[in-house]
Every structure is written in structure tokens, then in C-alpha cells.
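**Q** Each chain, written out:
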Amino acid sequence: MLKHSRMLITMGFILFTFLIGGCSQLTVLDPQGPVAEQQKDLILWSIVFMLLIIAVVYILFIWILLKYRNREGHKGYASHHEGSKWLEIVWTFIPILIVIALAVPTVKTIYSLEKPPTETAHKKPLVIHVTSVNWKWIFSYPEQHIETVNYLTMPEDRPVLFKLTSADAMSSFWIPSLGGQKYAMAGMQTELYLQADHIGVFEGRNSNFTGKDFAQQKFKTEVLTEVGFQQWVKKTQIKAPKLTKAQYDQLMQEGLAKVMSFSSTHLDWVDHAKDSEYALKVRNKLEKPSISSEKKPHKEHHMHEKGGME
Amino acid sequence: MKWDQFFITDEPLIVGAGISILLTGLGIIFVLTYLKKWKWLWNEWLTTVDHKKIGIMYILFAILMLFRGGVDALMMRTQLAVPNAHFLDAQHYNEIFTTHGTIMILFMAMPFLIGLINVVIPLQIGARDVAYPYLNAVSFWTFFFGACLFNISFVIGGSPSAGWTSYMPLAGNELSPGPGQNYYLLGLQISGIGTLLTGINFLVTILKMRAKGMTLLRMPMFTWSTLITCVIIIFAFPILTVALALMTFDRLFGSHFFTLASGGMDMLWANLFWLWGHPEVYIVILPAFGMFSEIISTFSRKTLFGYKAMVYSMLVIAGLSFVVWVHHFFTMGSGAAVNSFFSITTMAIGIPTGVKIFNWLFTMYKGKISVTTPMLWSLGFIVNFVIGGVTGVMLAMGAADYQYHNTYFLISHFHYVLIAGTVFGCFAGLHFWYPKMVGYKLNERIGKWCFWIFTIGFNICFFPMYILGLDGMPRRIYTYNASDGWTELNIVATIGAFMMGIGFILLVYNVYYSFRYAKREQTGDAWDGRTLEWSTTSAIPPHYNFAKIPEVTGLDGFWRSKQEKETENVEYKPIHMPSYSGRPFVMSAFLFISGFGLVFEWWAIAILGAIGTLICMVLRSFDYDDGYYVNVEEIQKTESVYKEV
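As given, the protein sequences belong to chains G and S, one line each in that order.
When we follow the UniProt record's numbering, the leftmost residue of the first sequence carries the number 1, and every step to the right adds one.
When we follow the UniProt record's numbering, the leftmost residue of the second sequence carries the number 1, and every step to the right adds one.
Do not rely on the hints blindly, as some may be mistaken.
[Claimed, not checked] Derived DSSO-like pairs: lysine-lysine, alpha-carbon spacing no greater than 30 angstroms straight-line:
no.: 1; chain 1: G; residue 1: K75; chain 2: S; residue 2: K368
no.: 2; chain 1: S; residue 1: K448; chain 2: G; residue 2: K67
no.: 3; chain 1: S; residue 1: K308; chain 2: G; residue 2: K85
no.: 4; chain 1: G; residue 1: K75; chain 2: S; residue 2: K308
Keep in mind that the hints were calculated from the coordinates and are not lab data.
A quick note: this is a predicted structure, and the numbers were derived from the prediction, not measured.
Please model the complete structure; the sequences and the hints are all you need to start from.
**A** Structure below.
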């Protein structure tokens, strides 16, 4: 029996080191900013307890199964053994302790994620308005008067306050390297603080299903130095065209879009957090009457492909 | 609407499926006609109010749906096996994952469990049928026709494609035009009637029809779990009914409950959906818990360890199940206090669940464990469910969930609880009570092969998904790029999925093989059982179940009476039984017609179906058939036949 358990412990240990070693490559466990860092710490803290629970259950399971499996020379059968106060108290209270051990850091982290990271709390956060529209991302920098489509640029070591909303479906704004996601909803504004520790390019995407081309609703996040960011702002302000209403209304159509930059923002005429019907009205207006009068049940998306932004 | 939009003709896969359905249907019609079985089908099955037959029909339908949902799953895994695959296009993939989720939860897990509940519970409490046998038939047929309405969508008009959660505004007319989403709403609405009625029926049955001496705390654990499940159904399903009705109004009649326009609240749908949806998860897991309790106790030849703790833990789980729904959308930005509250309530569910796991382990402690197929599924449940359970606690931690949400980490978690919990439970229960349904066991050797291939495949399929989730792979994407670095693990997962497919084929083969070759049971007690369902005089109980209602003197009633070995000469009395009726079938068929009309907004058909339904209800209320008596001679004749064998 002793041999079995020793082997199990060794195997468990090997598995554990292997897991932790391999995991450091995984996006969520390889954080690039203080928000994702806090979440990673919480995840690893919980994994330790979870492996402990699994180990206890598996060891008991194997031991009981080996010992009490019905075969010749079976010993210790007690058909009326039906409970034990002590044991039941033990396995009620230990889980309660584990839940407390997990709940305390969870609640702390939930509250801390509502605020900018403590290390840079003295810096003024950069505000970026994020608008999701099927199936693209629009980023507006109100203070810089810049708007980008399907790419995001931000400075390192400075908190960024994302103000999220959507022009149509409920989507979820997520840059896993920098931190957890939050929903973007029409007629609503949600807020999310993120921060990057280093310069680099990180993948961002919509993670909440929104229909046909949802899988392609991705964007690159380029993190620059503070100086590099200011240069990018200047360059965009000078070189990029102004965003026209007609152009913006084209973006309101369902479909994909390429990367774009503008030196003005749509916030001047519409805030989707306050006007949830804007995109629908634009679509009704732009749709040809011959199409809108007829219902297209199954292959609706072909129409959008042609009318879209590709 | 044009005909090519009515029948889906532009997807070769769908056309193929449509043709094969047509051919199978024609084949069945031909066989029934050739063998002159139409009358038999109508008299013995379609009009039956016998809980055992209704249960068997539920289970057959569930296995059919497991096939359909499984094929959906394999198609998804094929598409995702390699990056940028072109096996399915985006729209088709979206339809498939939507139907996979809806079918597996509502039309596979639910009927499988309700089927087993139907077969077992009246026998287990020593009753001759359920409290409302006619209502039970209504339950089955509304469920059946609702599920059929949902299922025909992929050949007629197009499947829903907004996910089984159907979040608004995506599921609204603007973003999901066409009949697909209407199928979802009406299919679920009609089948939901059946589920709610089942909940009421079994609540009353268990509370009012137990055999003499079976106090609440002497009830078998499966009966307890069913009772608690019924309470959850009665509280949860009306929420779904209302939510579906509101969305139906939005789509068909232009109301604005959840729409983008005119101040609709899309978040309200998410809340209502999960207010039903989370209790629903416990509706499909608690009966499985009950079955595992019975099976582990039987094959350890021991009383269940910590009986009272088992009951209380289920009550706590049932209570908590109604106060955790927000954990499905921590990322909606409800604020720190709300998220903290729901994190803690969700983690708290781990405590009673943990208690149950240890109680099962200690039921085996000091037992005499025989590893039969049902026991094997139960043991597999403990090992795998623990993984699903602990990852559930991890997901419950709100701040960490912002990173897990909408990823394959979540996908893996809920498959580890729903497959290792519910599906393993259904398979365990099916093997365990199979002799009670058909009079012989499923083959043990094939059963064990099936278990190992399915379980190993299950782990190969779903364990890599935890890692994919942590690597940032979101759920519901129809394809990904090689540069994402998810390829290897996706290939592995696909291999596992196909192994599960092989496991399923073995299960079906086992049904055929055992039908041909299995040794027929001579007594009602196939496994040396502990509870009343095994005390029937014959392997398949007669339609009245018990010639004389047994009396119970304690927990594990039948086990005790076997120990005491007393045989008395029973004096039979006439038995009152309910009459069969074709009306539940006809009424539900009208509901189907009405639903179909609403799906396509063909009002005349919808009204016609509604009138038909109403007429059936009126006819029922003027129905003075109070059932009939089985006379003593017939009982004697039936019972003596069994005794000779």
C-alpha cells in the first residue's frame, strides 16, 4: 500500500512541475501588465488548492477501491457502517476553510480591478472609447481627437481607461495578455482599466458570440513608449483624414473592415452608450428598398458581404 | 418566401441529412406496414399512460437526440481540428453549435433523466403509477413534439444560430432574421410545458403515493433527488416560459422587451435566461447524483454513508442554485459588490458537493465492491466530476473569471460536469435499470469496452481545452489561424471526440447484441438490489407494478425484507388502473402545428393548431372515464405465470 501512495505522490509532483512549467507559456498565465498579473496570481493560488483537493479525493478513491474490491480474502465488510459524525464534520469544515481562503483574495481583486493599478495611480489615465459593431472595433481617443478602426495604440506604464459600448450586438472586449474582459453593450457604458508594462504587440478580440464573422472580430494592440505614443498621436492628427458621417455610416453596416485611422472621432455626433438605435437606423436607411421588403431567412449574410467593408 | 428558402437546398451536408431522414422515415413506415404493426404502435405506445412505457419512449428519444447532438459535435470538432478549415462555413458552424447546445441540454439530458425517473420512481416508492398518468402522457407528447419542431429547423427554413443562450439583441429580428430563432423559441416553449408538468406530477407522486411505512427519511436517494429536482423545475421553468414568451412577442408582434430600439433591455434577457438556466444545470445533475447513490450503495453492498447529509446537501444545492445566476456574466460590469456576492454564493456550492463526493467514497469504504458496468460509470463519475467541480470553483472567482469567461476553459468545465455528471449518470442508470425495462441486462463486456473508450476519449477531448482556454482561445469561433498556436491541442481534442463517438456506437451495438443474446432475467432482482423496484415478482413488472403494495420498515426496504426472508400468502384485491388515451398525442400534434405556423408567421395555421389544442382540452374536461379495475383472476393468472418461471 505504501508503495502505491509513494508512487502517486511522485507522479503528482512530476505532473505539477510539468504543468506549472508548461503553463508559463500560456497567454493568460504570462501577463504583460498589472491587471493580468493580479488575475494570474489569483488563478495560481486557486490551482494549488484545487490540486490538493483532487489529490485527496484520488488517493482515498484508489485506496478504498483497492482495499474493498470484492475478491478472495476480502476483509473488513461492514454492511451497516452508515456514517460518522467526526468525518462528516471534517469534510464540511475543511471545504469551508478553502472557500474562505479563496473568497478573500477574490473579493480583494474584484475591488482592486475597478480602480487603476496602484503602481501608477498617480498618473492620469488615458481615456479610450471603444465601440463594437458587427464585426469590427472602433477606438476613439477623445482628448487626442483620433479614431482608429481594428487597431489600438497605447502607451506603456500608464493606466488606460476603456469606456466600452456597442452599436449592435453584445460583445466582449478582451486583450488576454493585459487583463480580463468586459462586455460592450448598446445603450450602456462599461469601464475597464488595463495597463501594459512593456512595449509590444498583443492580440485583442471580441470573445462574446455576435454572429457570422465573430471569429474575425480581432485587433492588434500596439504598446509604445510614452514618447512613441505622442509621436503616433501627432502623426495621425496630421496625416489621417477626418472621419465623415457617410464613412462612419458605412462602418455601421454588418461586415468586416480593414485597419483605418482618422483625425476626428464619431463622438462628435453619436455616443452609442446613449443612442442604442443609431446603427439600426443607418442600416434601414442604407438598405435598398427591394431587399428590405423581402425576408431572407437562411443566407442573410451574403447580402452583407457585398454591402460590407471588405 | 420561396421554396428554396423553405427547404434548405444550398448546403450539401444538410441536403444529405434531409435525404437520409426521409429515407429512414420511409423505411420505418414500410416496416410498420409490412409487419402490420400500426395498430400495435398506437394501442401499446402512442396512447399509453403507463409510466414504464412513457419512460422508455423518453429514453429512446434521448438516445436519438444524443446521436444528433453528437454528430453536431463531431462536425464542430472536424472543423476545428486544423486552422482555417473549410469543412463548414461560419453560418453553418453557428447553427451547429447552437443546435448542439440546445439539443444536448434540453432534448438529450432532460428526457434521459426524466425517462429514468419515469421508469424507476413509481416502482421505487411502491406505487402503481404516477399521480396523474394522463398528465404524464401529455408531458411526454408536448415534450416530443416541441423537440421535433426544433429539430426540423435544419431542413425546413434554417436552424437558429444565436447560440443556445440566444442573447439579445443578437437573437432579435434585426440581427437574426428568418424563422431559425422562432424555431428555438417555440420548440422550447412547447417542450417546456412537458417538463413543467413532469415536475408537478412527480412532486405529487412522491409526496402522496409512497408505500406504507416509507417516511420521507426512508426514501431512496434517487427518490429524494427527484423530489428536489421537481421543486427546482416548478420554480425555474416558469421563468423560461415567460422569457421565451417575451422574446416571441419581440420577434413576432413587434414588442420591445429586449430589443435595441425603444428602450428594450438586452441584459434583462441574459438575467432571465440564467435565472432559469442555472437551476436547470442542477435539474440535470441532481437526479444523476441520486442514481450514483443507488448504484454505489448497491454494488458496495452497503447502506449509503451519511444519508441525512446527502439529503441536506441536496437541499442546500437546490437553494443556492437560485442565487448564483450572475456568475454567467460577471463581465457585464455589475459592480464589485454584486460580483463579490455571486462569487461567494457560487463557491459555496462546492461545499455540499464536496460533502457528497466524500459520502460516496465512504459508502464504498468497508464495502464489498463489485465493479459492474453501472458501477464503472459511477466510479468514472467520481474521478472525472471532481475535475469539473474544482474548475467550477475556479470559474466562480469573479476576478479570475474575467480571463476564463467565454473561453475553452469554460467549455471544458461544463463538459466535465455535464458529461462526467449527467451523461455518465444516464449511462450508469440505463445499464442499472435496463433489466427492469426489458427483462435482461446489457452485455457487461461490451459495456466495459464502451466505458473505457468513451471515458478515455472524453478526457483526451476535453482536458486539452482547459489549456486552450488559458491560452486565450474563445468559444464559438468557427476557425482560427495557425499563428494562434492552438493547432496541436485542437487535433488532440478532435481525436478524443471521435473516440467518444466510437463509445456511443458500442452502446448502441450493445443494445442490439443484448437483445439477441443476453440471458433473460428470471426474477425481478437482477443486481441483488436494495430498494423496492427490485421487489417486483417479474423482471419486467406487470402493468400494475405490484399485485400487493409492499410495506417498508426502514431505509433500503427491499434489502431488509430479503434479510428477514418472510413469505406470506398474499390475498389479491382488484386493482384500479387508468385508461389509455390518444388525446395527449393528438393535442400535442395540434400544438406542433400551431407552433409551426407561428415560426413562419402563417397565422391561419397557427390559429388552426391552437383551436385543435383547445378542442382537445375541452373534450378532456368532459371526459368521465375513471379508469378500470384489474380483477383478481387476472392478477392471479399474471402472478402465477411469473411464479412458475
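**Q** So which of those numbered hints doesn't the model satisfy?
**A** No numbers; nothing is violated.
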